[in-house]
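Trainee: From first to last, the protein sequence lines are chains A and B. Everything in the first sequence is counted per my numbering, starting at 1 for the first residue and increasing by one. Everything in the second sequence is counted per my numbering, starting at 1001 for the first residue and increasing by one.
There may be inaccurate statements among the hints.
[Unchecked claim] Heads up, simulated DSSO-like pairs for lysine-lysine below, C-alpha to C-alpha not over 30 Å straight-line:
{"no.": "1", "chain 1": "A", "residue 1": "K78", "chain 2": "B", "residue 2": "K1037"}
{"no.": "2", "chain 1": "A", "residue 1": "K24", "chain 2": "B", "residue 2": "K1037"}
{"no.": "3", "chain 1": "A", "residue 1": "K68", "chain 2": "A", "residue 2": "K24"}
{"no.": "4", "chain 1": "B", "residue 1": "K1026", "chain 2": "B", "residue 2": "K1067"}
{"no.": "5", "chain 1": "B", "residue 1": "K1112", "chain 2": "B", "residue 2": "K1059"}
{"no.": "6", "chain 1": "B", "residue 1": "K1112", "chain 2": "B", "residue 2": "K1037"}
By construction, these hints were calculated from the structure, which means they are not laboratory data.
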Amino acid sequence: DAGVIQSPRHEVTEMGQEVTLRCKPISGHNSLFWYRQTMMRGLELLIYFNNNVPIDDSGMPEDRFSAKMPNASFSTLKIQPSEPRDSAVYFCASSFPQGNTEAFFGQGTRLTVV
Amino acid sequence: QQPVQSPQAVILREGEDAVINCSSSKALYSVHWYRQKHGEAPVFLMILLKGGEQKGHDKISASFNEKKQQSSLYLTASQLSYSGTYFCGTEGRSSSNTGKLIFGQGTTLQVKP
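The following block holds chain A by itself, in its conformation from the complex (with noise of 0.2 Å):
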């Protein structure tokens, strides 16, 4: 298996643009979640599926920012319109539904936002 693919990894775009970050999960794995990265919050969750459903939707800053699952082997971020305070690093993960196994994470999507 590649792993988890995200697309794509570098974007720079306009304040006010839309911006649409794409991952596929490892197959197989049914927990999909959107994590940003920055040197002041560090890691945190945005959001994760279980099965293509959102379960849990509180990280998600604003509501510029959402999220779809449409099947079981892609989801989308989109964040609409885009300030330049989103610039981060966005990375995908993917996992089993149960707690005790670990997440693959992609390779990120470094968004700037100028």
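Place chain B on chain A using the hints.
Mentor: The following block gives chain B in isolation, referenced to the frame of chain A:
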């Protein structure tokens, strides 16, 4: 609530030992440890599930005191490859067995020759 890690940063010489601590204000179901190298994704090290459990991974081991809601990561005879940022991720009792992790702020470890 985010777990608290200490220290924030450590600088070692090759062969020296280090301890990284992780403390939570909430009752914990499990503690996960990850290492992240600069510009890369976090990589799993180990999971601790039971009170007082101790695990080892090469020369890296960890303990979990369920009653104190604390975990410690022990790095012995450090190697250059140990350099990176170490994160503990905690899973609370209320969200047990979901895989939902809240990560600490990280401890940056630098091993020098």
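Trainee: Each of the hints needs a verdict: does it hold here or not?
Mentor: Each hint tested on the structure:
| no. | hint | verdict |
| --- | --- | --- |
| 1 | A/K78 - B/K1037 | holds, 27 Å |
| 2 | A/K24 - B/K1037 | holds, 22 Å |
| 3 | A/K68 - A/K24 | holds, 12 Å |
| 4 | B/K1026 - B/K1067 | holds, 10 Å |
| 5 | B/K1112 - B/K1059 | holds, 17 Å |
| 6 | B/K1112 - B/K1037 | holds, 15 Å |
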